[in-house]
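Sequences listed follow chains R and S, in order.
Each residue of the first sequence is one higher than the one before, counting from 1 in our numbering.
Each residue of the second sequence is one higher than the one before, counting from 1 in our numbering.
Please keep in mind that the hints were generated in silico from the structure rather than gathered at the bench.
Any given hint could turn out to be false.
[What the hints assert, rightly or not] Straight-line alpha carbon distances no greater than 25 Å define the calculated PhoX-like cross-link-like pairs of lysine-lysine that follow:
1. K42/R - K441/S
2. K36/R - K359/S
3. K454/S - K426/S
4. K493/S - K44/R
5. K426/S - K196/S
6. K76/R - K149/R
7. K426/S - K441/S
8. K36/R - K76/R
9. K42/R - K454/S
10. K493/S - K441/S
11. K30/R - K545/S
12. K44/R - K497/S
13. K42/R - K497/S
14. K150/R - K176/R
15. K184/R - K76/R
16. K454/S - K36/R
17. K493/S - K42/R
18. K44/R - K494/S
19. K494/S - K577/S
20. K88/R - K44/R
21. K228/S - K204/S
22. K150/R - K182/R
23. K426/S - K44/R
[As the list claims (entries may be wrong)] Residues from chain R that keep clear of chain S, each with C-beta distances beyond 10 Å, as calculated:
24. D16
25. M50
26. E62
27. K88
28. I90
29. M97
30. Y101
31. T105
32. T132
33. L145
34. S172
35. G181
36. P188
37. Y201
Heads up, the beta-carbon is just placed ideally off N, CA and C, and yes, glycines get one too.
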Amino acid sequence: MRYGMVIDLNRCVGCDTCAMACKQHNGTPKGVYWSKVLRREKGKYPNSHMHYQPMLCMHCSEAECERVCPTGASYKREDGIVAIDPDKCIGCEFCVMACPYGARTKLVGIQPYYPERGLTPYEKVICGQHQTGVVGKCDFCASRLEEDKKPACVQACVAIARHFGDLDDPESEVFKLVETGKAKPLLPDVGTDPSVFYIEYHRR
Amino acid sequence: MWSLTKNEAVTFDDPDYGDLALEGEYEVEGVKLKPVFQVIKDNVKPYTPEWAEEITTVPAATTRRLAAEFVEAAQIGSTIDIDGFTFPYRPVNFFVQRGAINHTSGTYSMLAANIINGLVGAADGPGNSICQTVGPMLEPNEDGVVHCQLKNTPRAEEYIPNEWTWPPDCLDMGQFYPHRHCTPQVAWRAIVDPEKYHLEYGPKVMMCQGGNPFFNNVAYDEIEGAFKKIPFVFSVAYSFDEVTQYCDMLLPEHSSMERLGFDKLHKVTRATDDFRRRVQGFNCRQSVLEQPLYNTRDLQDITMELINRLGLKEKAYKQISGMLKMMGTGWELDPAEDYTWGDVFDRYLKAHHGEKDRKYFLEHGVCQDWYLLPLKETYGYYYFPDTKTRHPMYDNHLRSSGERVTKLCAEHECQVPGWDMDEWRKHFEPLPHWFITNDLKAPEEYDLFAVNWKTASRAFGTGGVDDNALLRDMDPWDPELNFMMLNSGTAEKKGLKDGDEVICESPDGSLGGVIKTTELLHPDCVGFAANFGHRAPFMTPFSRKGLNYNVLLTGADGCFDPVSGGVNATPQVKLTKK
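Given these sequences and hints, build the entire structure.
In C-alpha cells, the structure reads:
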C-alpha cells in the first residue's frame, strides 16, 4: 500500500482553502504551513495568467529527509506516509535542508497571531499539541485516515482538484490518473520518487 | 407581433400566427410600429466593434469572434430532457458582475447582457441565466408578459419600483431611486442636511450591527458627519472597528464561534451545485463552547431584550412569528411571555420539525428530513413553458419609472436632490445607450483607471477577512495582496518599478502604497486586490495593513447609477512617485 495524491492544476483556483483546512485540522502555529499554494505569473500581457502550485510533503519513496536524518526520527510507514517521531527529532534541520520541496519546518517557538495579547485560548489548545524545537510537516492527515476520512485539504478543496488514495491499488482513482501519464511528479530528476502528482495546467 | 402569413398584427397567443416578422416597419391602427428585433437592431447600429475598440481597446476581431462563438455555443433549437420534462437547451450565459455593472451607467451593461441572452433564448433554463429564486416566479400578466412575483423578497425593488412617498420617509431616498438596491451614500448626506433632501425629520438614534460603512462604503468624511449628527449611536459589535469609535455605547457580541444561528435552507439559484437549489431543509449554527469566553451575548438575545424593554413585544413577536412562519402552529410567540433567542429557536423547530427540538440538533447536527425538489422544478421555464410567459426584450419599466418620478417631482416642485434632471433621465431608458457620465470627466492628468477585484479567498472585505488572523498570516503567499498592481509596460513608461512608493489619487481621494508590476493587468489600469486597511486604532495591527480602495471612490449625487444605486468602482486616477 502506498498512499498518494494527484492534484489537477487545471482545477486549482488558488483559494487557499487547502492551506486553511490544514491549519485548522493540524493546528499549525502562525507562520507554519504544511500545505500552501505558491503563485507565479506566467506569460506576457495580454497572453498571461497566474499559475497556482499547491505544495505539501511529497511522501517520497526515496525520501532524502529520511536518508539524512541522524536519529531515525524521519521514517517511512508501511502505508507510504513519511512521518516524523517528535520524540526522536533533535531539531538538527538536516531534513529541512535536504527536502527539495521545502515541505518541512522546524518549530522554533509558537508565535501568537495577536502578539499584543499573547496566545488566545484557541491557540493554546490547538497549537499546544506541537513540540517546539522539532521539525513538522504534512502526514497526509494520518489521524483522519485512521477514521476512514480523507486528508483535510482533499476534503476541503472547493474545486475538487485533489484526489487521494492508494497508488498501488489499480482500482483507485489516483492509480488510474497516474496511469494516464498526465499526472507527473514535481522535480522528477532529483530521484525522490514522490507520491504526490500534478496534472499539468493547459491553458484553454 | 406582426404575422407575415396574415399580414396583420396578432396577439402573442394567437394559435395561427404563422411566420412572424423580425424586421421591418408596419402600421397598426394608424401607428407605425417595429418588431422588437428591429428596434434592438436599430439601437445597436452605432455601436460597432470598431467603435467599442476605441473605448475599450478590445480588438474588433475579438468582439466578433466572441459573438460568433456565443451564438454557436447557444445551440439554438436544441433541447434537453430533465426528469421527463423537455427544456430548450441554451448552454450559454452573458453574466455581468461588479466589474461590469459598478459604473454610473452600469445598469445599461446589465441590460445589454440581458438582451444578448434573450436573443439566443438563454433565460431561465438549463445551462443559462436563471431567476434568483426557485419557483413559479415568472407568472404572466393578462398580456402574457412576465409579471415578477418577487414582492417582499430581497432585491425585489430591482423589478418592482418603490412607491412614491412625500415627504420622503426613508433616508436613502428610495422614491427618487425607485429601483435602487440601496443608496447609503445618499443617506449619510441626508442625515447631515435633511432639508436639502426634503426630509422633515432627522434620526435621533442609530443602532449599528454587522456592517462597517467607514470601511465598506465611500466618502468617509460624510459618514463621519452623519454619525456625529445623530444624538445617540450604539453598536452591537465584536471588534473595536471604525463604527465603534463613533458610538456612544457598545454592546459586546459573541464571536462567530459562539453564536446561535438558524436558518431555513432557501432554494437559491446562485449556487455551485444544484443541491442548494433543490434542498428544502434547515441548518443551524451552535456555539463550539459550553459557555462564552467573555461577557458577550448573541445579537438576537440583545435584540429580544431591547424589544422587551422598549415595550414592543406585541408588534415584534407577531412579526417574528410571521417571519418564521410559526403563526397558527401553536408555537407562535406569546406577548405575555419573555423569550430568549434559544427559546425562539426551540419553538421554531417544534413548529416545523415536530419533536425535533434544539436537543435533537445538538446531538445530530442537521435535520435529516430535508426534501430535495426535483431538478426540473428549479427552472423558471418549467412552470411557464413554451409561450405561456413572454420575456420583454427591453426594460420598458425603466422608462415608466423615469417618467413617473419626473412627473411626481414636477407636481411637488422638487427634483432628485443633487441631480440635473436631464442627466438623471438618461439612465431610465428601455434600451442601453452610451454616454459619458459625470464620473468619467476627470482632467487628462488622471490617465489610469483604478480597478479592484476579489481574490479567491477574499471577497473584498466581506466576512471579516481583513480581520482574520489566519488569513492575514497568509498574505505573503499571495503577490496580489497589499500592493498597487501596475502593468510592467506602463510602469516602465512612468519610470516606476517594484517597491516604489507612490500616491494614487482620484478626483475624490488618495491612497499611498507600493508598486508591484504585473503582466496580468491592462496597461491603462492600476489594480487593487480585495479590500484592507482599517483605520481604527484599537483593531489588531494586521487589520490596519493594506489598502482601502474605497477612499478613491465617490458617491456624490449625480455621480452614481440612479437605477441600481451602485457607485462607480473604476475611478480615473493618477500615480505620483513619493
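Right, here's what the structure says about each hint:
1. K42/R - K441/S: 35 Å, violated
2. K36/R - K359/S: 39 Å, violated
3. K454/S - K426/S: 31 Å, violated
4. K493/S - K44/R: 16 Å, holds
5. K426/S - K196/S: Holds. K426/S to K196/S sits at ~23 Å (cutoff 25 Å).
6. K76/R - K149/R: 21 Å, holds
7. K426/S - K441/S: Satisfied, since the Cα-Cα distance of roughly 17 Å is no more than 25 Å.
8. K36/R - K76/R: 23 Å, holds
9. K42/R - K454/S: 20 Å, holds
10. K493/S - K441/S: At roughly 24 Å apart (the allowed maximum being 25 Å), K441/S and K493/S satisfy the hint.
11. K30/R - K545/S: 17 Å, holds
12. K44/R - K497/S: 17 Å, holds
13. K42/R - K497/S: With a Cα-Cα distance of about 19 Å, the restraint between K42/R and K497/S holds, given a limit of 25 Å.
14. K150/R - K176/R: Between K150/R and K176/R the Cα gap is close to 18 Å, so the pair holds against 25 Å.
15. K184/R - K76/R: 22 Å, holds
16. K454/S - K36/R: Between K454/S and K36/R the Cα gap is close to 19 Å, so the pair holds against 25 Å.
17. K493/S - K42/R: 22 Å, holds
18. K44/R - K494/S: 19 Å, holds
19. K494/S - K577/S: 9 Å, holds
20. K88/R - K44/R: Between K88/R and K44/R the Cα gap is close to 49 Å, so the pair fails against 25 Å, i.e. violated.
21. K228/S - K204/S: 11 Å, holds
22. K150/R - K182/R: 23 Å, holds
23. K426/S - K44/R: Not satisfied, since the Cα-Cα distance of roughly 40 Å exceeds 25 Å.
24. D16: 5 Å, violated
25. M50: 6 Å, violated
26. E62: 28 Å, holds
27. K88: 29 Å, holds
28. I90: 28 Å, holds
29. M97: Per Cβ check, M97/R is outside 10 Å of chain S; nearest 22 Å; holds.
30. Y101: 15 Å, holds
31. T105: Answer for T105/R: holds, closest chain S Cβ roughly 14 Å.
32. T132: With a cut-off of 10 Å, T132/R remains clear of chain S, as the shortest Cβ separation is near 18 Å.
33. L145: Check passes; 22 Å lies beyond 10 Å.
34. S172: 24 Å, holds
35. G181: About 29 Å separates G181/R from the closest Cβ of chain S, which puts it past 10 Å; holds.
36. P188: 25 Å, holds
37. Y201: 15 Å, holds
Against the hints set out earlier in the document, violations occur for numbers 1, 2, 3, 20, 23, 24, 25.
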